[in-house]
Every structure is written in C-alpha cells, then in structure tokens.
Amino acid sequence: MELPRQDPDLLLRAIRSDASTKKSGKLKIFFGYAAGVGKTYAMLQAAHQAKERGIDVVAGYIEPHARPQTMALLDGLEQLPVKQIAYEGMTLREFDIDAALKRNPQLILVDELAHTNTEGSRHTKRYQDVQELLNAGIDVYTTVNVQHIESLNDTVASITGILVRERIPDSTFDQADQVELVDIEPAELLERLASGNVYREDQAQRATVNFFTLENLTALREIALRRCADRVNLLTESARVQSRGDYHTDERILACLSSSPSNAKIIRTAARMARAFRGTFTALYVETPNTAAMSDDDKKRLQDNKRLAQQLGAVIETSYGDDVPYQIAEFARLSGISKIVIGRSTVARKNIFSKPTLTERLISNVPNLDIHVIPDASIGTSYQEKKSKAQVDAMPLRDVLKSIVVLLAATLIGCGFDALGFTESNIIAVYILGVLVTAVITTNRLCGILTSVVSVLVFNFFFTTPRLTFHFDDPNYIVTFTIMFIVTLLSGSLATRLKENAKQSAHTAYRTKILFETNQLLQKEQDENAVITATAGQLMKLLKKDIVVYLSDGKELATPNVFRAVNSIQEDLISENEKAVADWAFRNNKHAGATTDTLSSAKCLYLAIRVNQHVYGVAGIAVNGIPLDSFENSVLLSILGECALALENIKNAKEKEEAAVLAQNEQLRANLLRAISHDLRTPLTAISGSADNLLANYKKMDDALREQTFTDIYDDSMWLINLVENLLAVTRIEGGQVNLTRSIELMDEVVSEALKHINRKSKEHTIRVTSGKDFILAHIDAKLIVQVIINLVDNAIKYTPVGSVIEIHTDQKEQWVTVSVSDNGPGIPDEQKPRIFDMFYSGANKVVDSRRSLGLGLSLCKSIVTAHGGTITVSDNQPNGTVFTFTLPAGEVELHE
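Going letter by letter, the sequence shown gives residues 1 to 897 in UniProt numbering.
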C-alpha cells in the first residue's frame, strides 16, 4: 500500500518553527471577547504565580485601569518606567522596549497587544515590540480581545457597527505558545459594567448604548470561542505534520487585490477560507496601463491592501495586462487555483448594451471554478478605479508634429490614388493606416484619437464632392464617415494597447533578465566584496536607486559600502541613525526602515541578506518614501537570496579549505611522529649500546676501540642534532613564524662557514668550491643559507659512494646569485624528481625506516630559498650525478663618504 506523502513545505515549516522555539521566548495571550472580562487581572495573577516559582518577572506596561482590584495586583511586581513621548501638545505613555531589553527579565508583562504606538516609536504596533522581545529570548504575557484579530475585523464590525482600527495579524495569535481564554457570562459582564468595575459612569453609559449589548456580547463570545477552537485545530494539524501523520491540502484560495476601500474585507474573507480549508492563500494584483495614473490615495490604499494580505499569510503575485478578468482567469488556470474570492462590482450595468462588469466577465472566463463574490454594504457610494485620461496640455510638441506629418503623407498618397482612379475605399484604407502609424510612433494616446477625427475631416475636405469644402452632396457619406471614424478609432486604440502591452512585457522581461544575469554573475565570483559589488550593480539596474550594503562577520556589521545610481541625489545613507536601523534588521532578521512599520523614519529600506536564519549582511535601498511594487520586491528578494547563497558558498569553500589544511596538518603530524619513531630508534639504540659497552668494558678496550666507540656516539649525536635543527626550522618556516634577517653577505664566506659544519664523513669525498666572479654579494639571511648549503652537501655525501667529487659553484647573473651543488654519484631517477622537495619524501624508501634520511632536508631548503624570493631546482649532471641549483637576490654595497 502506498503511504500518503506529506507536504514538504508544511513539514519544513514545522521543523523551522520547532527550531525557532528553542531560541525564542514564549508568548502567552490572555484572550477575551470584550473589555472587562478580566484579561489583565488573570495575567497579573499568573505573573504572581510565576514569581512564586522563582521566575524573574517584570511588568513592562500595564494599561491604567479604573479597577482597584486589578491595579492592586501590581503590588509586589517590579515595574519598568514608561516612556514619555510628547505628541501634538500631549505627553503620551508608551512601553519602553529599550529598557525592557536592557533589563532582560525571564518574563515580562505587556498589556494591550494590539495597541498602536505613538509616532516616533521604533515600531508602529506593540505586537512588533513583543516580537522583538521574543526574539531576544524573553517570555511575554499579554492581552488581546477578539475584535483585534485581523481576519475577524469585518465580522466584528458587521455585528457591532464599529470598525476597530487596532489589529494584530492572525499569525501572531496562531503562533502563540499559549492562549488562555478569559471567559464570563455576558450578563455578568453587563453587571460589572453597571457597577463601575469596567468604565467610569459616563463611559459605561455610552458603552451600553453603542457596544455592550447582550446581543453583541453573546455574538462576540461565540466568535472568540470559535476562534480558540480554530487555533486548537491548527495546533492539532501542526502536531500531526511533526509526527509525520497524513495531511491533505488541495484547496488553493485566490484573492483579487485592488485599490478599492472594500478590498480589505475580501482579503480577510479569503484568509479565513484558506484557514478553514487548510489550503494555500495567494493574492493577485493585475497591473494595467491605468495603474500609473492612479491617484496617491488609491496607490496608498493598494499598498495597504498588499501589506494586509502579507500579514494574513498570502503570497503576493502580480500579472500584467489590460484585460483584468482574462489575466485573473489565466493565472488561476496555470496556478491550479480552486477558489477565487472577489468583490461585487459596485458599478452596475446601466442597460442591456452596457459593458459587462468585471465580476460577470470573470465568471464567464472561469465557469469551472468556485467564485465567491463578497458584497460590501459598508461602502455607501460606488467606487471605480480612476482610469488614465489623455490631456491636451500633456501632448508633447514632437507627437503633434509626427501626427501632422503622417496626415500630410496620407493625404498626398490619397491624392495620388485619386489621380490614378482608385476608389474611395482605398483612400480610406490609407487614412486608417495613417492612424495606426500615429498610434505606434507617438507617446500620447490622445494623438491617435485626434488623428481619427482629423482623418475624417480631411477625407471629407479633399475627396468628397464638392471638393475643398466640408460639405457633401451624397447623404450616404454620413454612413461612410461614421464607419471610417469608428474603424480608425478602434484601430488606433488597439495599436496603442498593443504598444503598451509590448512595453510592459519588455519591462518585465528586462527585470527577469536582471535576475538571471545575477545568478550567472554571482556564480563566477570567489570573493565576498566582489559578490556584494555585483549584487549592488544588479539592484541599481533593477531599481535605479542608491544601494548601501553591510557585510557581517557573524556578530557585527562591517563598514558599509555605498553604491550610487546614475543621477543620484547623494543623500547621506550611512549616518548613525541609518546604521542603527541596519543593525536592527541584522539582529532581528527582518525588514526595517522606510515603507515598513519598524523605524520608518529611515531613508532606506533595509533587508537581511540571509539563507534561512543565517544573516550574511544587510542591504539598504534608498526608496525615497516610495514603496516598491510587488514584482520589484519579489525580484529584489530573489537577488538578495542569490547573493546570500553566493556568500554561503564562499563561506563553505573557506571552511572546506580550512578543514583540508587541518587534515593536512594532522597528516603531517602523523607522518612526522611515524618517521621520528622509526628513524630515532636506530641512533638512540646505537648511542645507548655504545655507552653501555663503555661502562661495562672500558678498561678492557684498547685505545683504538675506545676512540671508535666515542666516534660512533659523536656521529649519532650530531645526526640527531641536525635532525632536530631541521625539524625546528621546517616548523618555523611552514608556520610563517620566520622573519628573515637580511644583510649583504659575501658568498665565499657563506660557503666557507657551511663547510665547517659538514658531516665528518666529508673526508671520504672530494669537495671543491668554485666561483664565476671574484666577489659575489647576496642580500640574504646568512644563517639560513648556510643551513641550505649544509643540507645539500650532506645529501650528496649520503647518496654518493666514497671518493665521489662534490662541487659548490657560485655565480651572478644580473640581479640574481646562482648557487649549484653537484656530484658525480648515481643520480636521481626522473620519476622521483617532481617529489624530491616534498616533506618526508626519501626517494625509493616509501616508509622512512632507516637513518639515511628523514625526508626533511630538501623540503627545508626549498622553504628557505622560497622565503628569500628565489627558486630551487634539480637536474642531471653530465656524464652522471645530480645538480641542485638555487637562486638568491644579489646585493650591492652602499658606500657612505
């Protein structure tokens, strides 16, 4: 039997939610259906119980109540001082989030979760303050009423007749760790209200009339109970996902966005449907040529509606075209939408010949989908989005001249056709073509309309009898003129519409091209700064705005990099205030700054450059107070995501390289220990045996035997000393801990000093020293170069038979001194030469287990020569043997007179 497959997105969301809860604080909401049910009282009681359990509890903000019993519970709790903010001649009391973060208690009480903060506060809403506290690992107790839940706002307004302005997203409520319903009977609440335990007497009387009626309270109580039940169902489904239980979600809900005042109700309805059906929620806006001509109020309302949809969990999508119903239908078909939520068109058809409404056209385009039409009785007057209107004073002179030239050309061609005896229908076709050409080559829609009118008049003036007048003899020309005008007008309108659609498509293609280019550019970059530069360049191409980017070292933001767009106004984007906003976005992994609800006074919109929860930096866009459209925003987020992935790849590559170096060091250490354990055993055993022999048989030995035994001990000791010197030198040089002490040295003296320390077995070989010049000076660290020569000569002594000739030759070629050490021994096979300078490589001995070599001498020589800026090579000597050659920088003597 095939097991049902879980939705991977839901499972991933559950895993991430579980991971985030381990880091964040816990949120508990005391939930009620109206003021006065006892939410704050219950919260304070719970705070005292927590304090008795030893928890560090602080009252961050408690709304002042005219309820002595509630305020008495504050006794015994530490209270943070409120923040005093002057606003329009008043001093307002607000929750001080900075003081709360500095105090950093285990548990903090913050009343009235849905409160709107005073202008100038860090966040627009108090629930955002609470979210920052949770991110800091602080547990929070808070209170909220059912009318403040975003998706229930319209439902509550329809019951009470009051539209509540202060609201929280449903996600804040659903994602709370605990929700405690504080419930009393509506009749008991009315008794509390009458006795003055909720409001003062004058307020209580107004509340009884406007809001606190038994019918309203009963309905609100039912909604609150149902909302808590919905949350329990949501938690049950989440638990089932985490436990890998079966999960079915086939419904895809689509809400249509617009600038209509009633659109918020449509969005909330669609969000409730998505939650009820446990489906996905998408909000679609169709951008038309009229979008650019929207009023400021409409643009602001559209942005507010998009933000509301995002708060309610919708994915915002944008489509382009002038046929809105067709675009919605195509998007629904391609995206597998199962239900569409749309508002009832308030523009009714005036008669049977009127154009069908948007709702009617959509229903005809998608007959197989469920379409939910939401009425809106709250809007008293009909609303219709304003369409762009062409204005005469907006017509550029260039367009007017182009239109005149086209009309003159059409008239001249018409005169030619008339002279050749062509019929009037051919001349009319020429004018229709002229209108099409005008619509294509001009930028103002009014040009095509005016050209249509003028074309009819010019045709009448030049080609109807009587000629050169606006009169006509044949009444049939009325029909001809009418049809000609309609055809030219429709042709011009269609051409204009096609041109605008082509322009919109080109614009969309350009932005999509930028996204693809970004991916290709970032794949090539291997450096963090190069990645940031490439990303900023692509963002400037996309947005035509200044960009500021902060990289992160994981703990702090680095120095910002500012990238200026063409025609930049050169604003200061790295002031202390801007840096503080960027730092907040970095630490909280959220958007902040301009056009957001957090620190909105900033000049830039700041977004985290992140992969999941890891933030690699922050990007700021100087939006100048103008929100990005949804398509720009989605491309922007995609580019920043590509940037974060590129930075993560660079980080992973560095970590991989560091791991490889660490592994190499571990291998080096293992090889060293293995080599030393094998190679030290022989000389140490020989020294120990010789010393033991001397101690036991000294008197029995003759002088020659004693001398030989002492010589053996000396030779073995010197071998060990040279081994230790090489080990220490290799360790210092490979670790980069050697500082060369350079001076001008005479190479003959350096060679002579090296020969003084050559192995005593050198007496069995012939060593010659030759020079190409009398005086050769080198700029070197003499002590280290002496070690190089010693190692090369010792190497020749070890690997050549007794009686071999070893020659040390020095010469100078321009700015370099060349030193060669050659022998006439058996030589080195060609297959061994590429590895001859590798550490621990000892020729044919794959495992170092003899005294002949530890494989360090030549490696040390290469390290020392390379540190001097020179090179070392190995080649064959003729007719036989080996030549080691290395170069050193030449030196000059400075004479001071």
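Derived by calculation from the structure, the hints in this document are not laboratory data. All C-beta atoms, glycine included, are put in the ideal place defined by N, C-alpha and C. Heads up, some of the hints might be wrong.
Unchecked claim - Simulated restraints on C-beta separations:
(1) LYS656 to LYS756: 43 to 51 Å
(2) PRO375 to PRO475: 31 to 39 Å
(3) THR91 to ASN135: 26 to 34 Å
(4) ILE85 to GLY161: 55 to 63 Å
(5) ALA157 to GLU576: 37 to 45 Å
(6) GLU576 to LEU92: 24 to 32 Å
Said to hold, decoys possible - Here are the simulated BS3-like pairs of lysine-lysine, each with C-alpha atoms no more than 25 Å apart in a straight line:
(7) LYS763 to LYS783
(8) LYS503 to LYS299
(9) LYS590 to LYS651
(10) LYS763 to LYS813
(11) LYS541 to LYS299
(12) LYS541 to LYS402
- Please write out, lowest number first, the hints stated earlier that are contradicted by the structure. Hint check: 2, 4, 10, 12 fail, others pass.
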